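Below are the chains, spelled out letter by letter.
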Amino acid sequence: MTHAAATVDQMRPPYPAERGLDVYNTKLGMWVFLASEVMFFAALIGTYVILRFGATGEWAKPGIVLNIKITAFNTFLLICSSVSMVKAYAAIQDGDPKKMRFWLLMTILGGATFVGIQVFEYMHLVEHGFTPAGVREGSELAGLVANGTLPAATMGLYGSTFFTMTGFHGFHVTCGVISMAYLYVTKALPGKYSQQDYRGIETVGLYWHFVDLVWIILFTIVYLI
Amino acid sequence: MHWWLPLKGSTFAGEVDGLFLAITIITGIAFVVVEVGLIWFVVKYRQRPGRKAFYTHGNTRAEVIWTTIPAVTMVALGLISNHYWVKIKGRHSVPANAYPIAIHAKQFEWQVTYPGADGQLGTSDDFTVRNQLHVPVGRPVVVHLSAEDVIHSFFVPVFRVKQDAVPGMQINSWFQATVPGNYELACAELCGLGHYRMRAQVFVHTQEDYDAWLKQAAQEAAQ
Amino acid sequence: METAHKRPNYILIWVYLAVLTAAELGLAFELPISRNWKLILLMFLAVWKAALVGMFFMHLKFERWNLRIMALIPLPLALIFILAGMSEHIW
Amino acid sequence: MTTVAATAHTAHAHHDDRSFIRKYIFSTDHKIIGIQFLFVSLFFLLIGGLLAMQMRWQLAYPGQPMPGGGILPETMAPGGVILPEYYIQLVTMHGTFMVFFAIMPLLVGVYANFLIPLKIGTHDMAFPRINMWSFWSFFVGGLVMLASLFVPDGAARAGWTMYAPLSARHDFSGASLGQELWSVSIIFVGLSSILGSLNYITTIINNRAPGMTWFRLPLSVWSLFITAILGLLALPVLSGAAIMLLFDQIIGTHFFDPAAGGQALLWQHLFWFFGHPEVYILILPAMGMVSDIIANGSRKPIFGYHSMVFAIVAIAFLGWIVWGHHMFMSGMNPTLGSSFMVSTLVIAVPSAVKVFNWMGTMWRGNIRFHVPMLHAVAFVAMFAIGGLSGIYMAATPVDMFIHDTYFIVAHLHYVLFGGSLFALFGAIVYWYPKMFGRMMSEPWGKVHFWLTFIFYNCTFFPMHILGMAGHMRRIYDPTQYTFLQPYQPMNVFISISAFLLFATQLIFFVNFWWSLRKGARAEQNPWHDNGLEWSLPSPAPHGNWEQVPTVYRGPYEFSSPQVAEDYLPQYKKLPTDREPARAPVAGH
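Chains as they are written, first to last, in the numbering used here: chain U, 1 to 225; chain A, 226 to 448; chain L, 449 to 539; chain B, 540 to 1127.
For the record, the hints were derived by calculation from the structure and aren't laboratory data. Check each hint, because a few of them may be wrong.
Claimed, not checked - Here are the computed lysine-lysine pairs in the BS3-like style, where the Cα-Cα straight-line distance is at most 27 Å:
1. Lys187/U to Lys61/U
2. Lys99/U to Lys187/U
3. Lys98/U to Lys486/L
4. Lys277/A to Lys562/B
5. Lys1057/B to Lys1112/B
6. Lys454/L to Lys509/L
7. Lys985/B to Lys277/A
8. Lys87/U to Lys509/L
9. Lys187/U to Lys69/U
10. Lys1112/B to Lys277/A
11. Lys1057/B to Lys562/B
12. Lys99/U to Lys509/L
13. Lys87/U to Lys98/U
14. Lys87/U to Lys187/U
15. Lys192/U to Lys69/U
16. Lys269/A to Lys1057/B
17. Lys87/U to Lys454/L
18. Lys454/L to Lys61/U
19. Lys87/U to Lys99/U
20. Lys99/U to Lys486/L
21. Lys233/A to Lys312/A
22. Lys192/U to Lys61/U
23. Lys69/U to Lys486/L
Quick caveat, the model's predicted, so the values are computed rather than measured.
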């Protein structure tokens, strides 16, 4: 950045302080928070891996229960929203709040659509008989279990782990959308972000990219493997 | 009432008690050093008017010494313990000639299945007795532990044996009783409101007595 | 912070991510290779994508090491946990 | 909360224009939040103690009506006789309250909040509002847990470790709503700890006063920093596990239900993967505060400051790879058991280093026996016993015998009561003047200390003997077993000691409350200590300093030859001191 000196007041720790990590508090705090989020998802994903590895039978093959096409689109959407987020960040770094607002709005829309599609996917799955407790009796999927297309022994675990992992990811996306919308209304629209101070954008961006990153892992291990 | 460990009722007891004693000696020395040292310092260096404390920030040699000694002791203790651990619970620890007994734990009883006359589990002459574990003396016995509902723990204090019985797993645990007599088997893992009364009798018989009991019990079970 | 590092081409990374996702899909459903190979390749691609997001979008590539450590500390812990949990079923 | 507000009101002479609610209830001031944590968690400490007293009654006099037990409902103790299902609730809730709602918030909630900004020299936490949410999340969790004691079919009853599937399926435990409330409450506690931890970490890294370099931090701050890292990374695992447990309980998932393919041991892995770092969360801050107090009481610099820091860091690292030692008998892979045994034994080394360094600090000192120092010395003595008894259970073959017996109960109480709680009594007395502007009564403090010390040892030491006899934990009626019947007199002795121990704590509580109003006014630096907090008036005002102090030296410069008096505060500038280099601000 060309005006490095001008950004000092907002983007650095307050002046008379011992040298820390040379990043402002909110950004450091977000990274620290993300470290704890990693452990949270490690618990959920670890549970899935351990249960699946230790399961006494075959796991359902990918693509039978879950709709891969719609989820692949959703994955693409989340990646796009990550790019639009980083474009918003780049725009405000260059001192262009208008462009920043556009890209931030795009990100919010992308995130909201992702959640919407996920809700639709859940409703669809439950309708076909796939629930957190396993396959519902008398449903369409129960027929597949009966004819041996799906393994009966592990469908309960499949449902439990699938809904817990993707559900908590969806919850995180929702939180991200809400906080971005909040920042959009209270900070971005009134023009509180500038080339000198764009802490909120950078911080919420870190969170958003993390959520995207988790989804990249989840998509692979839940939908494709 | 004993002030030390209970009767040594299995071949493990000597090893476990020996290790217990060794640890007691090691920790006893450390205990005396720390507690006597503390009392000595507290008395000797208590505040007196006009005295100033000795100004020092530490001593590297002292740090090295009191890091190395515990480290060496602990690693040695770990290696010794591991030797017995592998022997008692290791993957291949169960002797090939061990006499099999299946124990199925459920809220709140122990279902002990004996192999019958053929000495094999899973055959038609198996029979089950509730809350009574009969074993022959001087012969390795392997217990196939399973659980019906929640986690229980198979614990015979005189044998120094403990092993959790976990639902969904079958765990083998072995021991060799050395002293004939009548003992108790307890559940050592909280398993519900009846945990405290999940108790069984343990009878260690001589081989002849055991054979006689087995014959009689099989007949009773058949009726 | 901005020691005048060149800004990465975000669109290019977006293309990378999209292509890798497509590759994953093809790998999972079209490619006739053994399950274990699929597993390894898919995990490799997933980690690659995750690394792209972390390095460029979260600009870890341009941060100081002590901040990177903050982000990396939990990873070995998570790995230890998963491996220990899996080892239950190896014996 | 009215009491908090009332007492804090008298204590704060400082004027500011915040409204009453902003000032004392939804306060963002780290000191007020610390005090809120203090009052609430002392209350839970009392609850936990009351539950323990009922357990001890049942163990000493099984089947006899408990004095005053008549007020308990039929479902718990008809006619004052404790029922087995109530007994296991007592076991569970005593552990839960003590670990999650007493010791942990007392150490971390109270002292991380109160001490970190004061000791590193900053105006407040990095995120004051998040800090407030951390307290209120804890408060809600506590209320939920407390409420679970009063639901129709009783509180959770699977032990504080909540081993599945007993905890996961209501038909196994016999409790439904109580179990679910336990999970919900723990999720709140996890959230509270994560929010607190990220605050402490950010504050310590970024907001230190000029001159407060890493190796000038007091050991209390170091240990709170490492504790915060442990909490940050361990609590989300617990929250995740509690969420999955809750799902098993209410929406029928199968994570921990072996009947449908789940794994019983998975819960134990998750719980102890959190649980062992948690053990260090419960002792490291105590160690740190004891280090401060011992250096002060001995009037000597701490012996081996750097090795103390490295020991804390080593404990934190090793703390992540020892969790399996809780599971030696669980049916876990025995090869894993071997490696966990070795790492567990190795973690004894940094603990030993710390004990020897404390002794080195007292060596050739000029020891003052003020109340905090008495507690700190007792901490070292008792922690040593607790640490040494841990070696027995680290050695797997011995653990085979003593696992899940009273030997474990003795061990953990030596560490948690003899360790953490003694340190906490010391810390409460030590920083009381800075919190409330008054001193606690010294003679009564000494009476409380000596009686606690005696009754505490009478209560917990004999438990080692019970454990060596094979006396199982968590059993409602030991007289059911013939081999335990001869030990019944010892159970009676322990129970009587426990009742006296509990009664002794009332001295402390009375002293605490009485001193809030009537204690002697505290001077600015009553203990002649070096920390930055003592440069402030007592009680410390809102916002702490107008201008943060500059730090010229480490925190333990006692009896330095440079000055006549036997302490040299960190903020005191001597003619030989140079101003610290200011942190580079821009364009590094």
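Worksheet entry | Straight-line alpha-carbon gap Lys1057/B to Lys1112/B, limit 27 Å | 36 Å, violated
- Message: Checking one constraint from the list: CA of Lys233/A to CA of Lys312/A, max 27 Å. Satisfied?
- Response: OK: Lys233/A and Lys312/A at ~18 Å, within 27 Å.
> Do the alpha carbons of Lys269/A and Lys1057/B lie within 27 Å of each other, as the hint requires?
Replying inline: 36 Å, violated
*asked:* For a C-alpha distance cap of 27 Å, please report whether Lys187/U and Lys69/U respect it.
replied: Judged against 27 Å, a Cα distance of about 37 Å means the pair is violated.
Restraint status (C-alpha distance of Lys99/U to Lys187/U at most 27 Å): 14 Å, holds
| message | Need the status of pair Lys87/U, Lys98/U: alpha-carbon distance at most 27 Å? | response | 12 Å, holds
inquiry  = Would the hint linking Lys87/U and Lys99/U be met if the CA-CA limit is 27 Å?
reply    = Holds - the C-alpha atoms of Lys99/U and Lys87/U are around 9 Å apart, at most 27 Å.
| query | Going straight from one Cα to the other, do Lys192/U and Lys61/U come out at no more than 27 Å? | reply | 50 Å, violated
Given the hinted pair Lys277/A and Lys562/B, is their Cα-Cα distance within 27 Å?
44 Å, violated
Next on the checklist: Hint check: Lys1112/B vs Lys277/A, CA-CA at most 27 Å. Holds or violated?
Outcome noted: 22 Å, holds
Exercise. Decide if the proposed pair is consistent with the structure: Lys98/U and Lys486/L, CA atoms, cutoff 27 Å inclusive.
Key: Not OK: Lys98/U and Lys486/L at ~45 Å, beyond 27 Å, violated.
Lys87/U and Lys509/L were given as a pair; does the straight-line alpha-carbon distance stay at or below 27 Å? 17 Å, holds
Going through the hint list in order, the structure does not satisfy hints 1, 3, 4, 5, 9, 15, 16, 18, 20 and 22.
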